[in-house]
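A.B. asks: Residues per chain are reported as follows:
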Amino acid sequence: MTRGRGRAGALAGDRLMQGFGLLVLTLALASLGALVADVLADGAGRVSWQFLTSYPSRLPERAGILPALVGSIYVITLTALIAVPLGVAAAVYLEEYGTRSRLARVVEINIANLAGVPSIIYGLLGLGLFVRLMAMGRSVLAGAATLALLVLPVVILSTREALRAVPKSLREGSYALGATKWQTIWHQVLPSALPGILTGLILALSRAIGETAPLITIGALTYVPFLPDGLWSPFTVLPIQIFNWVSRPQAGFLENAAAAILVMLVLLIAMNATAIVIRDRLQRHSA
Amino acid sequence: MMTTTPPSPPSLGALTTAARDRPSAVERPVQIDVEGLDFYYGTKQALADISVRIRANLVTAFIGPSGCGKSTFLRTLNRMNDIIPGARVRGQVRIAGRDIYAPGTDVVDLRRRVGMVFQKSNPFPKSVFENVAYGLRINALTGSKAELAARVEESLKAAALWDEVKDRLNESALSLSGGQQQRLCIARALAIQPEILLMDEPASALDPIATQRIEELIYQLKHTYTIVIVTHNMQQAARVSDDTAFFWLGKLVEFGATDQIFTAPREKLTEDYVTGRFG
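In order, the protein sequence lines correspond to chains C and P.
Its first residue numbered 15, the first sequence is counted upward by one per residue in this note's numbering.
Its first residue numbered -17, the second sequence is counted upward by one per residue in this note's numbering.
Mixed in with the good hints there might be a few duds.
[Stated by the list, open to error] Pairwise CB distance ranges (calculated):
(1) C/THR40 / P/TYR23: 46 to 56 Å
(2) C/LYS195 / P/ALA84: 19 to 29 Å
(3) P/TYR23 / C/GLN297: 30 to 40 Å
(4) P/SER33 / C/SER115: 32 to 42 Å
(5) P/TYR23 / C/ARG119: 19 to 29 Å
(6) C/GLU175 / P/GLN74: 38 to 48 Å
(7) P/SER33 / C/ARG116: 37 to 47 Å
[Stated by the list, open to error] DSSO-like mimics (lysine-lysine), calculated; alpha carbons at most 30 Å apart, straight line:
(8) P/LYS233 / P/LYS102
(9) C/LYS195 / P/LYS26
(10) P/LYS102 / P/LYS139
(11) P/LYS102 / C/LYS195
(12) C/LYS182 / P/LYS108
(13) P/LYS108 / P/LYS148
(14) C/LYS195 / P/LYS250
(15) P/LYS148 / P/LYS102
(16) P/LYS26 / P/LYS250
(17) P/LYS148 / P/LYS127
(18) P/LYS26 / C/LYS182
(19) C/LYS182 / P/LYS139
(20) P/LYS250 / C/LYS182
(21) P/LYS127 / P/LYS108
(22) P/LYS233 / C/LYS182
(23) P/LYS233 / P/LYS250
(24) C/LYS195 / C/LYS182
(25) P/LYS26 / P/LYS233
(26) P/LYS26 / P/LYS102
(27) P/LYS127 / C/LYS195
(28) P/LYS127 / P/LYS139
(29) P/LYS139 / P/LYS108
Just so you know, the hints here were simulated from the structure itself, not pulled from any lab data.
Every residue, glycine too, gets a C-beta built ideally from N, C-alpha and C.
Let the hints inform the model, and build the full structure from the sequences given.
C.D. replies: Below you can see the structure in the form of structure tokens.
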């Protein structure tokens, strides 16, 4: 009897949790959906070839996002080029070479903390270190270096997770054939961990592309009527352009901001999709 | 009390066959000479005072209940335990006269000379060809592409796998069956031409037919290699090995010719184990 009631109670609890989960999910998706719908309603009509290929202007209907779009792609590519080798190398060191040292443990805890530091702090660091001390100025390079610092902890943490998930038997198989540690890491461990590493990179770069505060701090421009023409060129990025437009009083600029948000969403989705396709291809080849 | 119960009729047959082909004890030189070996995982002692002489071109079996240290001991012979944090070794392991735990020993070279096959087959997530070629590539053992291909073919033939995979060399090794994967791992180990082959329960995850193929293979390979095999299957030990070492609680209880261990053990503990009274 009691057992029957207990079972019915457990079932009811199960159903309750399921209902609750569904509710939470619906709420989250609904707010996201509302956001996208709002942006679509405001900006969909404004997205056009002219909008994508024009420079900013005093007149909202003639303004475009070309410098911001190119700037975003430029900065994010550079960020990846800086953060990926550094982050992966740091993770390999911490996971494969330094795991047992006290220093490595202290470093590990601090990396986890760094991942939670507000991005504006990185902006201040970038301003002091890259822009002033290293005299990079308000350049694409300084921006990318700052964003690279910002995402480095995420890259390191997720790469370590991926390395840790590589089965021990794979390493042993390699060592048993007379492979050195580095040969084992390079030929077996890293290829096996690559899909996991890529997942971390998607997350990290998605965060970087949406960052505004640290780039404003280091002095990225809000009005750029030219394309960045090198590492030392001044630049702007999409979030800054959006930020700039939403603070204008004219309705036309708000429309522009919504359209720019749409472009940024598409850019983000394209980036993630590329990474996912690459990851799946890698997994298929190794399976 | 019966002192010499053979495990089962089939293995009795195998015993006599093995005994017939067995070379006399004296003519084989000692290849691995272990003296007073202690092994610790951190503070926990896993092996105590192991001394044993493993002879060349014979099959030596390590038997004993789970956790008795037989796999740990096997892994001290190619310093595979070095990877484990906190592992410590005392004593001497001399292979071809040189102490492999002496300072300055080239562990990478040691592992090239002392190959290993694991309990669970662990092919690399690469093609069949690349699995066998890996050891040759990293050790730069072959010059030309043709030479590499020839060595891969030779190794796959030696592991009795060539006929089954010759048309699918570029397929993923993970698409092979369990028994084929294990033979691929053997081929991979043979490719770099070791002197000694360590096998850690190589057939424990395989079905009887695949197991039989591995055992036949071991029988052929001992002409070229010194083989040390860990097994929890006593019939298998009786079938494939020339010498047998019985481990219990981290100690080597008895070591001798396989038929002596199985038919006339000197220790009561050995007798109880081989007759299936515990374990």
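A.B. asks: It remains to establish, for every hint, whether it holds in the given structure.
C.D. replies: Structure-based check of all given hints:
{"no.": "1", "hint": "C/THR40 / P/TYR23: 46 to 56 Å", "verdict": "52 Å, holds"}
{"no.": "2", "hint": "C/LYS195 / P/ALA84: 19 to 29 Å", "verdict": "20 Å, holds"}
{"no.": "3", "hint": "P/TYR23 / C/GLN297: 30 to 40 Å", "verdict": "35 Å, holds"}
{"no.": "4", "hint": "P/SER33 / C/SER115: 32 to 42 Å", "verdict": "36 Å, holds"}
{"no.": "5", "hint": "P/TYR23 / C/ARG119: 19 to 29 Å", "verdict": "21 Å, holds"}
{"no.": "6", "hint": "C/GLU175 / P/GLN74: 38 to 48 Å", "verdict": "41 Å, holds"}
{"no.": "7", "hint": "P/SER33 / C/ARG116: 37 to 47 Å", "verdict": "38 Å, holds"}
{"no.": "8", "hint": "P/LYS233 / P/LYS102", "verdict": "25 Å, holds"}
{"no.": "9", "hint": "C/LYS195 / P/LYS26", "verdict": "27 Å, holds"}
{"no.": "10", "hint": "P/LYS102 / P/LYS139", "verdict": "21 Å, holds"}
{"no.": "11", "hint": "P/LYS102 / C/LYS195", "verdict": "22 Å, holds"}
{"no.": "12", "hint": "C/LYS182 / P/LYS108", "verdict": "17 Å, holds"}
{"no.": "13", "hint": "P/LYS108 / P/LYS148", "verdict": "16 Å, holds"}
{"no.": "14", "hint": "C/LYS195 / P/LYS250", "verdict": "45 Å, violated"}
{"no.": "15", "hint": "P/LYS148 / P/LYS102", "verdict": "23 Å, holds"}
{"no.": "16", "hint": "P/LYS26 / P/LYS250", "verdict": "27 Å, holds"}
{"no.": "17", "hint": "P/LYS148 / P/LYS127", "verdict": "17 Å, holds"}
{"no.": "18", "hint": "P/LYS26 / C/LYS182", "verdict": "22 Å, holds"}
{"no.": "19", "hint": "C/LYS182 / P/LYS139", "verdict": "28 Å, holds"}
{"no.": "20", "hint": "P/LYS250 / C/LYS182", "verdict": "38 Å, violated"}
{"no.": "21", "hint": "P/LYS127 / P/LYS108", "verdict": "18 Å, holds"}
{"no.": "22", "hint": "P/LYS233 / C/LYS182", "verdict": "27 Å, holds"}
{"no.": "23", "hint": "P/LYS233 / P/LYS250", "verdict": "15 Å, holds"}
{"no.": "24", "hint": "C/LYS195 / C/LYS182", "verdict": "13 Å, holds"}
{"no.": "25", "hint": "P/LYS26 / P/LYS233", "verdict": "14 Å, holds"}
{"no.": "26", "hint": "P/LYS26 / P/LYS102", "verdict": "25 Å, holds"}
{"no.": "27", "hint": "P/LYS127 / C/LYS195", "verdict": "25 Å, holds"}
{"no.": "28", "hint": "P/LYS127 / P/LYS139", "verdict": "18 Å, holds"}
{"no.": "29", "hint": "P/LYS139 / P/LYS108", "verdict": "19 Å, holds"}
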